[in-house]
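Just so you know, the protein sequences line up as chains L and V, in that order. Note that the working numbering numbers the first sequence so that position 96 is 96, with each residue one more than the last. Position in the second sequence counted from 1, then plus 213, gives you the working numbering.
No lab work stands behind these hints: they were computed from the structure. A hint or two may mislead.
[Unchecked claim] In silico SDA-like pairs for lysine to any residue, Cα to Cα no more than 25 angstroms straight-line:
no. : chain 1 : residue 1 : chain 2 : residue 2
1   : V       : 533       : L       : 116
2   : V       : 533       : L       : 193
3   : V       : 395       : V       : 533
4   : V       : 293       : V       : 365
5   : V       : 395       : L       : 27
6   : V       : 311       : L       : 59
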Amino acid sequence: MEARPVIPATDTARVDLLLISQMVETGARVLDIGCGDGALLRILTETRNVDARGVEISQTGVNQCVARGLSVVQGDADTDLANYPDGAFDYAILSQTIQATHRPRHVLEQLLRIGRHAIVSFPNFGHWRIRGQLVFGGRMPLTENLPVPWYETPNIHFCTIKDFIALCNELGASVERSVALNAYGKPMAFSAPLFMQNLIGAQAVFLLSRGES
Amino acid sequence: MATVKNRKRQSGAPLHLGEGANPSSEVVHFGDGAALPLDSGASLTPFSVAYRSYGTLNEDKSNVVLVCHALTGDQYAANKHPVTGKPGWWETMIGPGKPVDTGKYFVLCANVLGGCMGSTGPSSTNPETGKPYGLAFPVITIGDMVRAQMRLLDHLGIDDVFCVIGGSMGGMQVLEMAANHKERVFSAIPIACAARHSSQNIAFHEVGRQAVMADPEWRGGRYLDEKTSPSKGLSVARMAAHITYLSDEALHRKFGRNLQDRSALTYGFDADFQVESYLRHQGSTFVDRFDANAYLYLTRAMDYFDLAADHGGNLAAAFKGTNSRFCIVSFTSDWLFPTEENRAVVQALNAVAANVSFVEIETDGGHDSFLLNEPELFETITGFLSSAARRRGLRFAEAADAVF
Chain L
1 MEARPVIPAT DTARVDLLLI SQMVETGARV LDIGCGDGAL LRILTETRNV DARGVEISQT
61 GVNQCVARGL SVVQGDADTD LANYPDGAFD YAILSQTIQA THRPRHVLEQ LLRIGRHAIV
121 SFPNFGHWRI RGQLVFGGRM PLTENLPVPW YETPNIHFCT IKDFIALCNE LGASVERSVA
181 LNAYGKPMAF SAPLFMQNLI GAQAVFLLSR GES
Chain V
214 MATVKNRKRQ SGAPLHLGEG ANPSSEVVHF GDGAALPLDS GASLTPFSVA YRSYGTLNED
274 KSNVVLVCHA LTGDQYAANK HPVTGKPGWW ETMIGPGKPV DTGKYFVLCA NVLGGCMGST
334 GPSSTNPETG KPYGLAFPVI TIGDMVRAQM RLLDHLGIDD VFCVIGGSMG GMQVLEMAAN
394 HKERVFSAIP IACAARHSSQ NIAFHEVGRQ AVMADPEWRG GRYLDEKTSP SKGLSVARMA
454 AHITYLSDEA LHRKFGRNLQ DRSALTYGFD ADFQVESYLR HQGSTFVDRF DANAYLYLTR
514 AMDYFDLAAD HGGNLAAAFK GTNSRFCIVS FTSDWLFPTE ENRAVVQALN AVAANVSFVE
574 IETDGGHDSF LLNEPELFET ITGFLSSAAR RRGLRFAEAA DAVF
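Work the whole structure out from these sequences, hints included.
Following this line, the structure appears as structure tokens:
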């Protein structure tokens with residue numbers, strides 16, 4: 001149950017996993033940080049024939065993954081990524097987890113260090129429904145994707161799509177691809193202007209690489 | 214109830230002349246020209262490796278699971294023990310349909326070098342004197358044990374093992390083999406172990422050794438020559454060690470402060486408490502199946518184990534270049550090889566981007582949990598081995614269970 005608690009395993013959440021898997025090249029080396037019960041690892045193994053590894057903070061999640069034959073270790077995104085060598089993976093993936101880390105900036109730096117690419121998906125706090133609840137209701141937002149009240153949520157570092165792009169710029173990371181998904185899990189048109197993506201996107205998936213390019 | 218005393222051996226012949234010299238298992242003798250170089254600088258010749266196998270070796274010899282036993286284990290992992298008549302020490306794990314499935318894998322388990330169940334050890338005959346080695350036996354290490362097992366694999370024409378698995382001292386051998394014989398290890402499962410023996414663990418071992426050596430019957434290690442037996446000392450060593458294999462919780466759950474076959478305290482030093490009686494029994498039965506000097510040598514080998522030491526203290530360097538798949542398992546109540554020690558190995562493996570799984574299992578069973586009925590352990594091993602078998606392209610007569 002603790003596994004990937006941040007976003008419930010609804011159909012819309014699955015869409016981000018499928019989207020991520022499509023960003024991964026066949027046969028790549030992949031580290032999924034916050035891999036939960038291993039759903040993404042399984043998709044990647046089955047459809048992309050990758051060398052897939054996982055890190056998961058909940059021991060229950062880890063044990064389930066290993067019993068299913070996945071290579072997963074218990075670990076904390078905030079502290080344990082430092083153990084991995086530079087460029088150890090083709091992709092370091094952080095799916096629906098960054099907002100639950102203590103040091104998102106540090107974690108993102110680590111992703112870009114240990115992976116040639118980083119793939120990050122997160123709930124967009126700039127979504128109109130969330131803005132609306134805050135502006136008109138004056139209460140912390142509760143949505144289908146973020147159903148846990150403020151006093152119990154593991155999500156401690158929310159950001160909007162714009163915020164995330166700003167952080168990427170600050171770290172000198174280049175955005176190779178970004179996709180916003182609407183509340184129904186449908187990818188928005190690539191041509192949609194950023195302010196629209198930030199308003200309509202319920203979640204976003206970013207494919208990043210280290211800055212040089 | 215059982216008390217600490219010299220007991221007659223059940224099988225008639227003393228251990229070193231019976232199972233120790235002529236084991237009921239297979240045994241390979243390596244003669245002149247096949248000397249085994251030891252970490253101490255000495256070399257051993259001749260030497261023997263006694264082993265048992267279970268299951269069937271496939272045509273391309275790719276389904277070998279090498280099982281490494283712990284301090285007081287032996288090669289009889291999954292069949293009736295020839296001395297005690299009890300089931301094998303890992304029958305929960307190894308057998309048809311079990312996690313280490315003998316219907317799929319060819320399971321090998323060798324008595325370690327320095328042991329007393331048929332592989333060469335301090336109770337074996339010293340070719341120079343015609344008498345048991347005793348303390349003239351060279352000090353051996355975990356590395357030496359593994360080297361002897363590699364000779365066994367060579368002898369059997371096995372280039373590499375599909376998996377090497379073991380708990381405690383067995384886990385140390387797994388780590389040693391994975392680090393220093395990388396090309397021979399497709400996958401490795403070190404359970405409840407560490408890359409080095411901690412100060413506290415060395416301390417416990419020293420208590421055990423001193424108990425053996427304090428027994429006047431030990432005779433400076435020459436008890437076999439002098440036809441005595443340091444049973445009391447060895448028994449005390451076993452009792453002390455056995456406590457470290459359990460946990461406070463487990464002892465309390467099993468025994469509490471319950472009295473043994475009596476309704477009141479006796480105001481004496483009999484085994485008033487069940488836990489005392491249990492320990493005395495553990496001690497007194499142990500001496501029937503184990504050689505006191507072997508206990509000294511094997512505990513020493515564990516003490517000397519420090520995998521990082523050969524790499525300037527950098528454990529990750531020991532695993533550099535590994536292509537093996539690892540599954541590390543620890544138990545929450547194991548205070549002999551606590552999770553942190555196991556995690557240090559995981560971190561070292563992460564540092565070389567090795568393929569590693571790490572499972573900590575919640576149980577009050579203590580260090581010995583790897584020998585107990587722990588369903589989560591079985592699920593872990595089954596899942597890991599099935600996945601590794603797919604990666605290796607192993608095909609079994611009956612389709613392997615789909616895991617996903």
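Structure versus earlier hints, numbers of those that do not hold, lowest first: When the structure is compared with the hints, only number 2 turns out to be violated.
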